[in-house]
Amino acid sequence: MTLTDFHDERQSNPVDVIEQIAALHDWSFERTGEDEITVAITGGWCDYHVSFSWMEEREAVHLACAFELKVPATRELEVMRLISAINEQMWIGHFDLWESEGVVMYRQVLLLSGGVEPTAAQVERLLLTAVEACERYFQSFQFVVWAGKGAPEALQTVLFETAGQA
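Heads up: the sequence shown begins at 1 in the numbering used here, then just goes up one per residue.
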């Protein structure tokens, strides 16, 4: 017998916890299936569409956070360079380009091996980490896509820290 032969029964579907958190925060959401939910969150720069998928065979909740920024084919290479540079800065999660749709997204996973149930705090942190990352780097994607800037210059514009408000 190996450690993987043990299988703890899960008490509930982790997507139920995500739905409860979305309702608690009064976020718009749609339960697209038993194991999927999409939550809409308004950020400072744009609206974010956050999809959660429970992958039972992997015992993981997958998060994908996309924002409204269509990447034209002519800017894909520079966006990929920017994503690579941004991902070097990331400790949690990563950005990716969904090439078939031309959409940038942030992705992360919450492992729940062994029948572990997600807590409200874990789900909120997963979601807030995604939105914080998107908020931090959104303008760099705009600079590359809309202003035609190179990845290094676009990244430098968002990496400096500001103090106070004007």
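It is worth saying that the hints were derived from the structure and are not from the lab.
Treat each hint with caution, since some may be false.
[Claimed, not checked] Here are the computed distance ranges between Cβ atoms for each label pair:
(1) P152 x D16: 35 to 45 Å
(2) R107 x L24: 23 to 33 Å
(3) H25 x L111: 15 to 25 Å
(4) G114 x W146: 12 to 22 Å
Don't be surprised by glycine CBs; every beta carbon is placed ideally from N, CA and C.
**OP:** Against the structure, test the hints numbered earlier, and report the numbers of the ones violated in rising order.
**Re:** 4
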